[in-house]
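If you read the sequences in order, they're chains W and H.
The first sequence begins at 1 in this note's numbering and counts up by one.
The second sequence begins at 315 in this note's numbering and counts up by one.
Hints were generated in silico from the structure; no laboratory data involved.
C-beta: ideal position from N, C-alpha, C; glycine also.
Incorrect hints may appear among the rest.
Here's a subset of chain H near chain W, in silico, CB distances under 8 Å, partners left out [to be verified]:
| hint | residue |
| --- | --- |
| 1 | LEU334 |
| 2 | LEU345 |
| 3 | PHE351 |
| 4 | SER386 |
| 5 | MET587 |
Cβ-Cβ distance ranges computed for the label pairs, FRET-style [unchecked claim]:
| hint | chain 1 | residue 1 | chain 2 | residue 2 | range |
| --- | --- | --- | --- | --- | --- |
| 6 | H | GLY380 | W | LYS170 | 40 to 48 Å |
| 7 | W | ASP64 | H | ASN373 | 28 to 36 Å |
| 8 | W | PRO108 | H | VAL488 | 47 to 55 Å |
| 9 | W | GLY16 | H | ALA466 | 39 to 47 Å |
| 10 | W | ALA159 | H | LYS495 | 53 to 61 Å |
| 11 | H | ALA469 | W | LYS170 | 35 to 43 Å |
| 12 | W | ASN255 | H | GLY354 | 21 to 29 Å |
| 13 | H | GLY545 | W | PRO171 | 41 to 49 Å |
Over 12 Å on every C-beta distance to chain W, these chain H residues come out as not near it, computed from the model [unchecked claim]:
| hint | residue |
| --- | --- |
| 14 | ASP448 |
| 15 | ARG451 |
| 16 | PHE461 |
| 17 | GLU520 |
| 18 | GLU581 |
| 19 | ARG610 |
| 20 | PRO621 |
There are 2 protein chains.
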Amino acid sequence: MKSVREMVALQASKLGGARLAAALKVQSVVLREAAAFLHGRGFIQLLPVMVSPITDPLNHGVADAGIDYCGSRLQLTKSMILHKQLALASPAASKIFIISPNVRLEIPERASTGRHLLEFTQIDFEMRRASAGDAMRLTEELFRHLFSSAKAACAAELAELGREVKVPCKPFAVRTTGGLKAEFGDSWEADFSASLSEPAWVLDHEREFYDREDPAAPGHYLNYDAVYPGGFGEALSGGEREFEHARIVGRMRRNKMDLRPYSAYLEAARIGMLSPSAGAGFGVERMARFLCGFERIEDVSPFAKSPGSDGFLF
Amino acid sequence: MKSVREMVALQASKLGGARLAAALKVQSVVLREAAAFLHGRGFIQLLPVMVSPITDPLNHGVADAGIDYCGSRLQLTKSMILHKQLALASPAASKIFIISPNVRLEIPERASTGRHLLEFTQIDFEMRRASAGDAMRLTEELFRHLFSSAKAACAAELAELGREVKVPCKPFAVRTTGGLKAEFGDSWEADFSASLSEPAWVLDHEREFYDREDPAAPGHYLNYDAVYPGGFGEALSGGEREFEHARIVGRMRRNKMDLRPYSAYLEAARIGMLSPSAGAGFGVERMARFLCGFERIEDVSPFAKSPGSDGFLF
Chain W
1 MKSVREMVAL
11 QASKLGGARL
21 AAALKVQSVV
31 LREAAAFLHG
41 RGFIQLLPVM
51 VSPITDPLNH
61 GVADAGIDYC
71 GSRLQLTKSM
81 ILHKQLALAS
91 PAASKIFIIS
101 PNVRLEIPER
111 ASTGRHLLEF
121 TQIDFEMRRA
131 SAGDAMRLTE
141 ELFRHLFSSA
151 KAACAAELAE
161 LGREVKVPCK
171 PFAVRTTGGL
181 KAEFGDSWEA
191 DFSASLSEPA
201 WVLDHEREFY
211 DREDPAAPGH
221 YLNYDAVYPG
231 GFGEALSGGE
241 REFEHARIVG
251 RMRRNKMDLR
261 PYSAYLEAAR
271 IGMLSPSAGA
281 GFGVERMARF
291 LCGFERIEDV
301 SPFAKSPGSD
311 GFLF
Chain H
315 MKSVREMVAL
325 QASKLGGARL
335 AAALKVQSVV
345 LREAAAFLHG
355 RGFIQLLPVM
365 VSPITDPLNH
375 GVADAGIDYC
385 GSRLQLTKSM
395 ILHKQLALAS
405 PAASKIFIIS
415 PNVRLEIPER
425 ASTGRHLLEF
435 TQIDFEMRRA
445 SAGDAMRLTE
455 ELFRHLFSSA
465 KAACAAELAE
475 LGREVKVPCK
485 PFAVRTTGGL
495 KAEFGDSWEA
505 DFSASLSEPA
515 WVLDHEREFY
525 DREDPAAPGH
535 YLNYDAVYPG
545 GFGEALSGGE
555 REFEHARIVG
565 RMRRNKMDLR
575 PYSAYLEAAR
585 IGMLSPSAGA
595 GFGVERMARF
605 LCGFERIEDV
615 SPFAKSPGSD
625 GFLF
């Protein structure tokens, strides 16, 4: 293991370097333009929630992270999905977004993906009474705007990195998880992403309880992920949402969840506080990594925390 | 204690109400315009840090909140001051800002202030090689812009609340902690704020190690807080920073701090990674509360967490 002195010298070299500087500039343009785009379309920007009795249960191997305060156990936010659903109950909040930090204590093995960090930030949006199609069309417009803004505002940095960013055509191509599994096998994401020259949609993922199951085709789901081309993998994840008490309870039971921690959320569903909605979130560091063409997401983050590391400085 | 059913009904009533809706709209305008203003002046927007081996030690009664991961202890961010100093080492980052959530496990007694929450968000900025005066002038311009933007964009909401927002003149009036203590006593803040009709500066606070002590007048500090008028209290807190290793160590020792958790930060200072800088942060919920004229900060936050509460739902 390296000494603190050696690790700080490495950190100084990274922080002082042109590579991180380019990524920070690209990332700042993404943040600026995403907020401007969404405000321009009438979205209200909410503040992040960082600690709460409930958070996204997630469906993959992430350890719980929580703190105790005055007899309450508060979880660190893994995503704001449940709070987004609740916030839509405000008459001001028919369209919302949040620059939302998430803490996910990923298993150490995820360090090898090049795109997982213990903490990252997503731009997370939700629209009351919107459909999957509404969210997908908005995403396509937003990504086109962000890619072209980064190209224009960071032309010198991207040229220095040797990275050519292509503004995608719309609509993005559409695939389904079923079709991709048949073509690429169960671990389709990497090969599918590598086969693409533009972002594409993948529909119908079986996962957390809150993504709406198609009432017309049970066993299929009204959700959608965008995948970057070039092997960069998942770009954005979203869905229409379950909002009716009985359906939520059924989905939670099917996922073998303990319902007790969600008693207030379920009560909110029971009294009709939740609305039909659709939304999505995309990781800001992942977009900066894609736009810069970096192999590793650590290279866009000044204080990157990699899964499994025990040598955090800052 | 209320039942979950009663508490959710109260939450539904708050979320559905016009009062919170007005506050959310005002707050969203503050977020939109603060980002636009700072980007427009060449600031780079960085992403928040939520967990780190180090965070602001703070000088008031806040319990530590942390999590364990792979043998490391990570603190929840109380403020990004130390990370702001380090980030300025990037050539891209001579002027930075972050929409930065902070978690501060305040003592239960702070519930009575009307302006403390366990989690809140500050807009936190820092400028390499800037002076206190630079940061104060920028703040005055920014506050004038935010107040006038909220007035214009939320005229109907503010009228409905019966709130008249006055755009402050610049420069703000300037006082010192010494003068205010002589006039109002040791707990000067509330009475001083109540005496004001426009925001004012208060200079020279003895507090955390990182606020620069005046080399020309030891025992005095090159920091500055903005105070809202009308009894709304502290608006913004900032300072020039200590950046030299020997001075930081001396200040930490004087504050009786354990230096060991800061070994990497001190090594960064030793090798010259830190620059002279000045910056500040202001709480977004506090500004929304002030602009709306609300007695309690809980009224601007959909999922407010009050100090001492043991009845968190969301």
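Evaluated hints:
At a threshold of 8 Å, the smallest CB-CB gap from LEU334 (chain H) to chain W is about 6 Å, leaving the interface hint in force. Contact between LEU345 (chain H) and chain W, as hinted, is supported at the beta carbon level, the nearest pair being about 5 Å apart and thus within 8 Å. At its closest, the beta carbon of PHE351 (chain H) sits 11 Å from a beta carbon of chain W; the interface hint therefore is violated under the 8 Å criterion. A cut of 8 Å between beta carbons decides the hint on SER386 (chain H): the least distance to chain W is about 5 Å, and the hint holds.
The interface hint given for MET587 (chain H) is met, as the beta carbon of that residue sits about 5 Å from the closest beta carbon of chain W, less than 8 Å. The hinted window of 40 to 48 Å between GLY380 (chain H) and LYS170 (chain W) holds, with their beta carbons roughly 45 Å apart. Range check, ASP64 (chain W) to ASN373 (chain H): about 32 Å between beta-carbon atoms, so the 28 to 36 Å window is met. Between PRO108 (chain W) and VAL488 (chain H) the CB atoms are about 53 Å apart, so this pair conforms to the stated range of 47 to 55 Å.
For the hinted restraint 39 to 47 Å between GLY16 (chain W) and ALA466 (chain H), the CB-CB distance of approximately 42 Å keeps it satisfied. Distance hint check for ALA159 (chain W) and LYS495 (chain H): the Cβ-Cβ separation is about 57 Å, which falls inside the suggested range of 53 to 61 Å. A hinted range of 35 to 43 Å holds for the C-beta pair ALA469 (chain H) and LYS170 (chain W), which are about 37 Å apart. Here the CB-CB span from ASN255 (chain W) to GLY354 (chain H) is close to 46 Å, at odds with the stated 21 to 29 Å.
Take GLY545 (chain H) and PRO171 (chain W): their Cβ atoms lie about 54 Å apart, and the range 41 to 49 Å is violated. Every CB of chain W lies more than 12 Å from the CB of ASP448 (chain H), the least distance being 21 Å, so the non-interface label holds. Residue placement check: ARG451 (chain H) keeps its beta carbon more than 12 Å from all beta carbons of chain W (closest about 23 Å). Every Cβ of chain W is farther than 12 Å from the Cβ of PHE461 (chain H); the closest lies at roughly 18 Å, confirming the non-interface assignment.
Distance check on GLU520 (chain H): its Cβ is at least 27 Å (rounded) from any Cβ of chain W, clearing the 12 Å threshold; non-interface status holds. Some Cβ of chain W comes within 12 Å of the Cβ of GLU581 (chain H); the nearest lies about 4 Å off, and the non-interface call is violated. Distance check on ARG610 (chain H): its Cβ is at least 16 Å (rounded) from any Cβ of chain W, clearing the 12 Å threshold; non-interface status holds. Not every beta carbon of chain W lies more than 12 Å from that of PRO621 (chain H), the smallest distance being close to 8 Å; the non-interface claim is violated.
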